[in-house]
Each structure stands twice: as structure tokens, then as C-alpha cells.
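Line by line, the protein sequences are chains X and P. Every number in my numbering is 1378 more than the matching position in the first sequence, counting from 1. Every number in my numbering is 243 more than the matching position in the second sequence, counting from 1.
No wet-lab data here; the hints were simulated from the structure. Model, not experiment: these values are computed from the prediction. Cβ coordinates follow ideal geometry from the N, Cα and C atoms, glycine included. Among the hints, erroneous ones may be present.
[To be verified] Partner residues aside, some chain P positions facing chain X, computed with beta carbon under 10 Å:
id	residue
1	Arg273
2	Ala277
3	Leu283
4	Gly288
5	Ser289
6	Tyr291
7	Ala293
8	Leu294
9	Arg304
10	Trp307
11	Arg314
12	Glu320
13	Thr322
14	Arg326
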Amino acid sequence: MGWLPDKYQPLRDLVRRGDVDADLQDEMTHHLEAQIEANLAAGMTPEQAEAQARQRFGDVTRYRREAHREDRSHRRSDQRRESFTVARQEIRRAWRSLRRTPSFSLVAVMTLAVGIAASVAVFTVLDAIVLRPLPYPAADRLVRIMHPVPKIGPGHEWNISIAEFELFQREARSLAVVALYGNQRLTVSIDDQANRINAGMVSAGALPLLGASPLLGRLLVESDNDVASPTVVVLSEPYWRSRFGGAPDVVGASIRIEGATAEIVGVVAGNVALPDWPVDLWVPQRYQPGGPPHNSHVYRAIARLTEGATPETVSRELAALAAGYIDRFPTVYSQRFMENTGFTTRAVPWKDTVVGEAPRTLWVLFAASILVLLIAAANVANLFLVRSQTLRREVAVRALLGANRRQLAWHHFAEAILVAGAGLLVGLGLAWGGLRMLVAGLPNGAGPGGVTLPRLTEVVLDGHGVGFAAAVALLAGLAFVVIQFTIDPKGGEAVRAAQGTTPSRRENATRHLLVVTQVAVAMVLLAAAGLLIRSLQSLRNVNPGFDPSGVMVADLALPFNEYRTYDRTTEFYRLLTQRLEELPSIQVASVGSVVPLEAEDGCSVFDYPDRDPSTNVACILNAIVGPGYFTALGIKLDGRDLTWADIDGKTGGMLISDALARRIFPDGRVLDRAVNGPSPRTGAMYRVVGMTQDLRWEGLDRLPVEVGYFPIEAIPGTWLWSPPARMRLIVKVSGGSPLAVMPEIRRLVREIDPGAAVENPRTMDDIVTASMRRVSVLMLLLGISAAAALFLSVIGLYGVIAYTVARRTREIGVRIAIGAPAGSVRRTVVRQSLMVVAAGIGIGLLGTLVMGRLLASFLVGVAPNDPVTLIAVVAVLAAVAVVASLRPAMRAAAIDPVVALRSD
Amino acid sequence: MSLDLLQGTLDMLILKALSWGPNHGFGVARWIEARTGDALVIEEGSLYPALHRMTRKGWLRAQWGITANKRRARYYELTPAGREQLSTESRNWNRFTQVVGLVMASEPGRSA
């Protein structure tokens, strides 16, 4: 630079101070020097010249800092632009390189896609069913009100009575709205044709609570619930459109429901439904307002909490109300009743009662799907490692040519991002298709035995699921990068490998870790599947107590407004079963209110004269049966079946189950004993004519319950149940498919009464299979996961062992050269494989304990830590370890020391 | 004079100075001084943050060159975007002075 350099050194220092940019420094120095030069030329002394120049310039430090700040932000945006360019270049490069190796790309993408699809599908179902609120306004404040009656039976719960419903509406201050609801299949006759429809039977307050508003006419009002009012109904919009063509003059018209006339008063806008019950018609729940209280806790009640109330505070308030029942309703409740039943009152979130047991299944499946995802991701990570072997030379060349750390990072990252992105897209596609199949394939609703899933119609792949999938794919992509990058941060390893030096310990460790993870996951899934297989075996070995072969069941519905007397119902059933039995294809036909495996929780009081007054009345399952019921179902009896003579002669003949007999008649004399059944102890009595063996009523995995079988006609002088208009038709066929007789049945039913309906035919074998489905579906899904996990672990294991043998060729050669026998070489290799598997088993064992706890409620006849299952699983994995190492072991033993030592 | 106005105006003056051809910071300062004399007092150091900022915005391009005195100096040159900016700013400036002029020319009792 030159001009009086020494003299202006302090000036330069001033400008240069700190980390100031050299250009900026030169630039400002130039300015000052030029000014000083000009000043000198104008005749100033050097001191004056400098002082004047600095004064004109102003605060050097401040302007230097400001200008520097501008430069820095400039550089940063430049860097961003440069990074972007590098990223684009590397992604294009990665795309080309993935296309050059289509088999790698395809396997990696598909493996990841399957993992993502499985987890996303299960997550979506879990989200829709368990995590989201019910589709009603203020759904988080909706509760169901129940009465747990633990003394009646563990887990038993009653609903509420009408008197309580009215009391809660009046006095429960933390309940904003209380409403009754129920669902029913009803027969609606239009043009002499009987149609079965879904009805929601509700108190007036329920419709606004569910978010309903009228499209036409009005909703239900309180007076509609009064038994004294004329019957009215409200149509749902879909039913109005499909059945009445959306006619606007439908309000005021009347329809025949179950043989009685009802006026249509309105149409509900939109698609309001009860949980798992699409509603065609809303009918009022009818009762006598302010009527006498009854011990009839059969009305399902929901309520909306007031702001700030919680299910706990409501439960406390309702319990306080219930404490006054003995004074308030002395004809119904007594101290003794409260003590004998353990009567309490509880409000639980409505959603919990709707989804029931489903969350357990779904959480287990979710855990399994995450494990599958983990194993899939581990496998893809392993594929990436293998790939980086083959691509080493390329990476090494780029590193040697001066590619910087960022570029190499992008190289790893770009491939991972492309594979993860493609996996995400394909996975979402698979999940979407799978979910559609699931929703279409499974019947909606929480059926008996937990056969199907609740809220299934609400399951749809949406933002939540896509977000979850994206998060999963991002994590997987990052994991691939991190794994590759930690092994080889600077491409230095690649350089060394290209130069033929030893492999990195870090890489070997990573590969082993991945395989250990896979084995551990496989162990957990195998154990889970094993436990379920054992459970299924136990279920299959359960003697259900009946013979399902050749038996068909269908639901019969008589229009109950026309069948108000026993004479009519009995006549219908007699005619139908007799006509059916005249058909050569049918051996036995009978009716019953319920068939085995399909009973739901619940019981009715059962009393008998010999009861010790200090003991509780029994609470049993009441079955109402016609003659031939036991013969049709192949149920073994002591004594005899009911006959038409019993029913016509009103003999009071009835049967009880073995379990009930053992309890109430411990002396073993059962036949001809008198019982009251549900009636009070005064009055007429039934007579036991037979005793059945114990049956599984609520599912194969549920213990037999105590049962009383009463005739389809109650005898005079007992408490009557209404004439049974809803029955199951049970038919034992002579041969062939049981369902083949259904057209005949339909024809006969219509012939006897065109207003009667028969629907929902199913074989008893179907019912047995359905009862196992909760376990069998889970077993199937976990079994598939376990098989996939096992397969992937074998591949991973084989890969890592084969790779180690290849890398240790020289060392093995030396050992063979100094006399190691082939057998010992083979053993060394197999041992290494076993060590890896042993580590996986160790970790897997811990996971198995957790999984076992999750599974506990699904296990039948097997403990969560069943040693047989665990030993079998360990044996399988050990066998896998040996199999996976066999080929590498052979290869190791066959190494020619001369060749091995000459290599390199 | 407010700092904001000064800054905006300074940018415009620099653009104008450079519209005559590439120049270094010292040259720009000389150019402004020659046109304004003592009327406008600018600390010359404040040119530099402005020059660097306008470079970042893409209005100027900077290049090292040699001065007539054989000294290394950083030359700034208008880019097409800078030229565009200059014409926008001078249009705005003209409108501004016109409006302010009208306002200041009005007298009490008469509408502006």
C-alpha cells in the first residue's frame, strides 16, 4: 500500500481492530488516506490533515461495525443459497444413483412402506376410536350414568330407573341435561311390506344433546314421552330421503310401526345417530310422568355436565342423592336391598362406555405395529450400510477430490430423504387402501364377544394419520443419516476402505446393534403371537356345552303392538316351528330369547322357596325357550326338554343349569323342585323338569353363568314378562349348509304373518368362530408381524455374519494355516451368531414382560410369562442363529490359507 | 433533519452519484460535496454502511480496482436494479418536493 505506511499504522490498526473484514478495512483506510493526501496537498500539516480527515469521516468504529453487519447478513443469505444449490445437486445425484440400483431402492422403499403403512393404519384406527371425542357437541362433557352392583356379580352394572331419571332432572345440579336413549330394530309397514329399520328410542332431551335440529316440523318434546300421548316419530334425514323421496309433506303423515299407527312430526337435519347405531327413526321413550317408582333399572341414561363439573364430582352428587332413596322411594329400596346388591351410582365418560374393550386391542396392535416399523427401519438401515460398502469407491473419490463435509452429509441425507419420502408415499397409499378394506370388511359396532370395533365408520385416514406418517418417515430418514454419518463422518473411512485397509470397529458395532434390535423385536412379537396361539388352543379345547354343527340361528321380530297376548305369540311360534319341521331339510326347529355365546352381561333376580333367608337371592341369566331348544342345540340334559304339553297345560315346567342347581340345591335333588324364578315368593311356582350341562353364554373365554330356562308362556300367578315378540329362531338341518334353508324360512314367516320379519341368519359355527375372533384376529396380526420380524432378523443376521467372515478371511486363513481344525472354525462363526442372538433375546425378554402385561386380558388358560412359550421362542431364535450362520461358517472353514494370505 | 430522512436521502444521493459511472467511496463523497457544498453535512463514514447495504440489496456491484493515483480501491457500480431504484426514488422525491412545495406556498385563508 505504501503511502507513509509506518506513520498511519495506528490508523490501520484502528480500522482493523476486531474481526473486521479485510476488504472493509482496506476500503475505509483508502478513504482516509485519500482525504489526508488531499488535505496535505491543500497545505495542511500532517497532524491537521489527519485530524480533519477523521473529523469528516466520523466515528470509524461505528461505521465499520455497521457496514460489517450488512456484510455478514449478506454472506448468510449467500450461504443459504449455496446450501440450497448443493442440496438440489445432491438430491439429483442421489436420485440417479438410486435408479442405478433398482433392486436396492425397491426393497428399501417397500420395506419402509410396509412398516409405515402398518403403524399409520393402526394409529388411524386408534385415533378415531380411542383418542378422538364422540361426534357430538361438547362431547367431552357427556357422561353415562350407571349403577355398579358388585354384590350381584363382579363388574355387573345396572342402568337407571324412570323415577331416578325424573329425580336427576329435577335435583342433580351438576347435570345440565339428562336423557334416556336406547336402540331397537323395529318393523315399519309401508304398503303392506314389513321393513326392518333402526330406531333410536329417546327421551325428548336426547335429540338436542346429540346435536340434532329439525329440518322439517319439530323434534320430540317432553309430552311425547308421556304414555298417555299419541305416538309420534321423527324421521332421520337419510331415511326421509331414501324412503319418502324427500317429500316435504311428510310431516303430519302417519306410518305403521310394529302394527300400530304413529304420526310423523318432523325430520332431523343431517346425519345424527347414536354411537354405532345409524338411526332411521327416532321414537320417544315412553313412561308415566310422576308415576310410582319401580325397581327396573333398565333405562340407559346420558347427561351433559355443567361447566366445571367432572365425572367424579357428579358421581359424588348422585351418590349423595342415592343415599336418600330409602326414604324417598321406600317401596323400591331398602337397607337390605342396598346391602345385598352393593348399589352405587357412578358417572363415566360416555366415550369410555362406547369404546368398551377396544382400546386394549388397539394399544396392543399399536405396540406391535411400532415394533414392525422398528424392525423394518432397522432392515433398511442395514441395507444402507451394505450399500455404502458398494458405493465406497464413489464416496472416496469425491472425498479425495475435495468434497467438503457438508456435501458428503448431503450425499447421505439425499438418499435417505428420497427413500423415506417414497416409503412415506407408498406407505400412505397402502394404509389408505388397508383402512378402506378394514372399514368395509368389518361389521360396525361393539358386538357380543368384542367381535367388531366400535366407531368404525368414523375411521378415515386424515390429517392426523398423514402427520403421524410424515413424522415417522422423517424420523426414519434421520435415523438412516445418523447411522451412516456416525460410522463415517468425513468419508475418511470410505477413503481407507478404498485403499483396502481394515474396517471400522464403529461400523461393525452398528451393524451388530441393528441385528440385536431386530432379534429383540422378533422375540417380543414371537412371544406375543405364541401366547395368543396357546390361548386360541385353550379356547378351541373349551367345551361350549352345545353342538354347533348344522345349526342356523336367525332373528325373529313380531310386530309387538299386534302380539300383545301369549296366545298370539305362542300360536305364531307353534305354527312356524311345526311347519318348519315338516320340511325334509329340517330336523328340529325351536325358538329362544338368546343363544349360547351371544348373551350379554346382565342378570335377573331368581328366588326359590328353599332359600336360606340370610343368603342373597340369585341373579341369573333368564332364557325364554320353546320346546326343542335343547335338542336343536344338542345340549345334554338330566330330566327332559320342554314340550308343547308343558306350554299348553301351563304346567310351569322349566329347566335350570348345572351351575345354578349346584348352588341352590346342594343336596343334589334337582328334578321336580319348585322355584319362584323372577316372581316374589308368594304365588304360583315353576317346577324343574330338567337340568342342563353348563354352557358358555357370554363367550368361550367367559365362565359359564347360572341360567334358568323358562317356557315361552309365563304361567298364571307369576310375575309376567311381556309376550316374547323378539326371539331367535333355531334350526337344526338334516344336512348341507344350514343357511340354505333361509329362503324357505322367509317364505313361511311371510305366509304366517306378512308383518313378521326374520333377519340376520348365521350358523352356530359362525357364532363360535366369532367368539374366538377377538383372540384369533389379534393372533393372526401378531403372527404375521412376528413372521416378518423373524424373516428380517434372519436376513440381517446372515448379512452381518457373512460380512464378518469375509472381512476376517485373512485372520481365519492364518488360524487354519497354524492348524485350527475346520470344525473349530465353523464353531467360532456359529458361536458369534449365537452371541448376537443371545444379546437380542436378553433385551427381548424385557420387552416380552411388558408385552405380556399388555396382552394379559386376551390370554386364556396361559400366563403372560408362560415358560413353555418363552422356551419355544428362545429355541426358535437359537435355531435361526444357527441356520443364519451355516453358510458363512462353511465358507470360513473352506478358506484356503494360501489364497487368504496372498489376498490384498 | 431526522435520521430516517437522512438515510433514505443518502441512499438516493449515492445512487445518483454512481449513475455518472463507477466510483469508490471517497469519490462518491467528493461528488456529493461538489454538488452540495456546505449545505448538506454528511459524515463520510456513513457512506460505507449504506454502500454495503445497497450492495446486499443488489442495487450495487462492488469490484476492486486501481485509482488514478495507483491505489487499490473498491469501486461501486449501479446494477440494473439499482438504476430502477434510482428512478423510483427520484420520482418519489419529485412528487414529495412538489407536494411539500404546494403546502408551503399556500397562505392563511386560502385553500391549499
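Here is how each hint holds up against the structure:
1. Arg273: Because about 9 Å separates Arg273(P) from the closest Cβ in chain X, which is inside the 10 Å limit, the hint holds.
2. Ala277: 13 Å, violated
3. Leu283: 13 Å, violated
4. Gly288: Gly288(P) check passes; min Cβ-Cβ to chain X is 4 Å, inside 10 Å.
5. Ser289: Because about 6 Å separates Ser289(P) from the closest Cβ in chain X, which is inside the 10 Å limit, the hint holds.
6. Tyr291: 4 Å, holds
7. Ala293: Given a least distance of 8 Å, the restraint on Ala293(P) holds.
8. Leu294: Cβ of Leu294(P) sits 7 Å from chain X, so the hint holds.
9. Arg304: 13 Å, violated
10. Trp307: 8 Å, holds
11. Arg314: It holds, given that the least Cβ distance between Arg314(P) and chain X is near 6 Å, below 10 Å.
12. Glu320: 15 Å, violated
13. Thr322: 14 Å, violated
14. Arg326: 20 Å, violated
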